[in-house]
Amino acid sequence: MLHEFSYLAPRERKDLLQLLKKHSGQARLLAGGTDLLCDIRLGTDKPAYLIDVKHIPEMQGITWSERDGLAIGATVTCIEIMRHPVIAKKFPLLAHAAGHIGSAQLRNRATIGGNLCTASPCADLGCSSLALGARVELASVRGTRVIPMKEFFTGVKATQLKDDEVVQRVLYPAEAAGAAWGMEKLKRIKGHDLAVVSVAIARTATWLRVGIGSCAPTPVVTADLPPQATAAAVVAAAFKVVNPIDDVRASRDFRLFMVEEFIRKLLPALA
Amino acid sequence: MNTKHTVAVTVNGKKYTREVVGHRTLLRFLREDLGLTGTKEGCGAGECGACTVILNGKTVNSCLVLAPEADGATIETVEGEAKNGKLSNLQEAFHRNHGVQCGFCTPGMLMSVKALLKEHPKPTVDQIKEAIEGNFCRCTGYQQIIESVLDATGQLKPKTEEMRRV
Ligand SMILES: Cc1cc2nc3c(=O)[nH]c(=O)nc-3n(C[C@H](O)[C@H](O)[C@H](O)COP(=O)(O)OP(=O)(O)OC[C@H]3O[C@@H](n4cnc5c(N)ncnc54)[C@H](O)[C@@H]3O)c2cc1C
Ligand code: FES
Ligand code: FES
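In the order they appear, the protein sequences are chains A and B.
Quick note: the first sequence uses my numbering, first residue 8, plus one each step.
Quick note: the second sequence uses my numbering, first residue 2, plus one each step.
Just so you know, nobody snuck in bad clues.
Here are a few chain B residues that face chain A, going by a calculated C-beta distance under 10 Å:
#, residue
1, His6
2, His24
3, Arg25
4, Thr26
5, Thr53
6, Lys59
7, Val61
8, Cys64
9, Ala68
10, Pro69
11, Glu70
12, Ser113
13, Leu117
14, Ile133
15, Glu134
16, Asn136
Pairs of lysine-lysine, PhoX-like flavour, derived with a Cα cap of 20 Å:
#, chain 1, residue 1, chain 2, residue 2
17, B, Lys59, A, Lys61
18, B, Lys59, B, Lys15
19, B, Lys130, A, Lys194
Taking CB as the label site, the calculated pair distances span:
#, chain 1, residue 1, chain 2, residue 2, range
20, B, Gln128, A, His10, 37 to 47 Å
21, A, Gly150, B, Glu33, 39 to 49 Å
22, A, Gln25, B, Ala9, 26 to 36 Å
23, B, Asp72, A, Ala278, 35 to 45 Å
Calculated directly from the structure, the hints in this document are not laboratory data.
Quick reminder that beta carbons are idealized off the backbone N, C-alpha and C, glycines included.
With the rest of the complex left out, here is chain A (with noise of 0.2 Å):
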């Protein structure tokens, strides 16, 4: 059973942004409602309103241009993701993570901006996204601000998010169109499991970068390193910024024994 509270779906963009500053504090944006109806259900939030993004047409749809790079509205869902010709080509990392997260029930609704804002340190766009270099987008009545995604996260399930603002879009350079790619993903079971280490590389011409998964508060990315950089120096960058905890699904040691083994793994098969 859910708690009581009021649905409202909002058409325009201006209305969404009035009633989230209307009601700040007491309403959550609803996307896929993947995590957000689960931690009503179990009474972890009880908001008083929820407010559906999925109407909004700032917050839809995939734009690619050579100029501006790639731009994914907030709504868009991991189906979406997993199947736009051009993220399959330019931008195959993003493909394959949006293609493992949860089920094929969970796939359908589950979108983007969701998972980004529930930040959760396994977020698997957060750990591949950060290793493309993306870029949040966020709107409010204030106006719109366009910040690294390195930046956004700021805690485990914290955000740099305030009450009165949206996810509008995310954004890739396109520097980062056709980089090769890489990705594990430790968990217990195969499909619909949250990561217990993931590990997500890209590479271009001018760098490398490792985004890693439930190995911090967050999920972190390692400094740009050189492309050519060898699998020793990759690991130890990777041991610069992250920091695992010993929790039921694994411990520490071999957390960090994962990151190593999955780095070793992917780097000299990066597609």
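Start from chain A and add chain B with the ligands according to the hints.
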């Protein structure tokens, strides 16, 4: 607060309109407001797939969709399978191959498979496994379900077929 929402949907070809509160899930709407109790609630949290229905052509966990979100939608549920008391081809195959034991997972399982077959009329075993990744079955061990789907699509090898068709 909590104004009512008018929700108009087409379920298995039939139109329904009801007034619901905002916090009604699609699952409860189907079961309690429309009386379509074929769809089951297992976990209520997106894990088990017992509540799977097809919403505008795509499978969803109906426990994680609000009824007002489905306003205007076309929905398919297990009740749309059998026609005039006759099981669908897919249901027959599940029956023949012991793809059903307690039956709790079956309504959701059938919807995931139905959606798969629309895209891949002759799915491979890997495609079947991927399609039912989000549908837990605590009885069959999945093998019989996979064989049911292979049988329904004319892909079950004769030898195995004999073994299963007892
Ligand atoms: C069984 C199961 C398995 C899962 N497996 C995985 C997995 O393998 N990998 C993974 O990464 N995740 C997984 N998840 C988590 C979840 O499905 C994803 O995080 C999903 O992408 C969330 O998106 P959503 O659209 O459903 O978000 P919602 O639940 O709608 O929203 C999540 C949060 O983000 C906020 N929000 C949503 N959109 C915006 C926006 N545009 N601006 C500001 N705030 C916003 C909401 O208010 C809420 O707080 C799983 C969940 C379940 C239940
Ligand atoms: S009841 Fe909906 S997924 Fe389990
Ligand atoms: S038949 Fe019992 S859960 Fe699948």
